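Q: The opening residue of the sequence shown carries number 6 in the numbering used here; numbering runs sequentially from there.
Just so you know, not all the hints are guaranteed correct.
To be verified - Derived SDA-like pairs (lysine to any residue); straight-line CA-CA distance at most 25 Å:
no. : residue 1 : residue 2
1   : 30        : 60
2   : 30        : 59
3   : 30        : 48
4   : 30        : 51
5   : 30        : 44
6   : 30        : 41
7   : 30        : 15
8   : 30        : 45
9   : 30        : 61
10  : 30        : 12
11  : 30        : 14
12  : 30        : 57
13  : 30        : 43
14  : 30        : 47
15  : 30        : 46
16  : 30        : 20
17  : 30        : 50
18  : 30        : 18
19  : 30        : 40
Read the hints as simulated data drawn from the structure, not as lab findings.
In this text, all values refer to a predicted model and were calculated from it rather than measured experimentally.
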Amino acid sequence: MGNKQSIFTAQQLDAYQDCTYFTRKEILRLFYRYRDLAPQLVPLDYTRPPRCEVTI
């Protein structure tokens, strides 16, 4: 109990709820469905800024 890794911060989820009319549960469900499309491209942690790399 209480050993759960969060994908979004509480503030991010609140902002997503305000911007959309989805509930927290719906937002997380949509995130997992989106991630299932390309798991190697979608990070599991949005609480920190993303690490961006550009290769030429």
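Q: Could you work out which of the previously given hints the structure breaks and list their numbers from low to high?
A: 1, 2, 9 and 12
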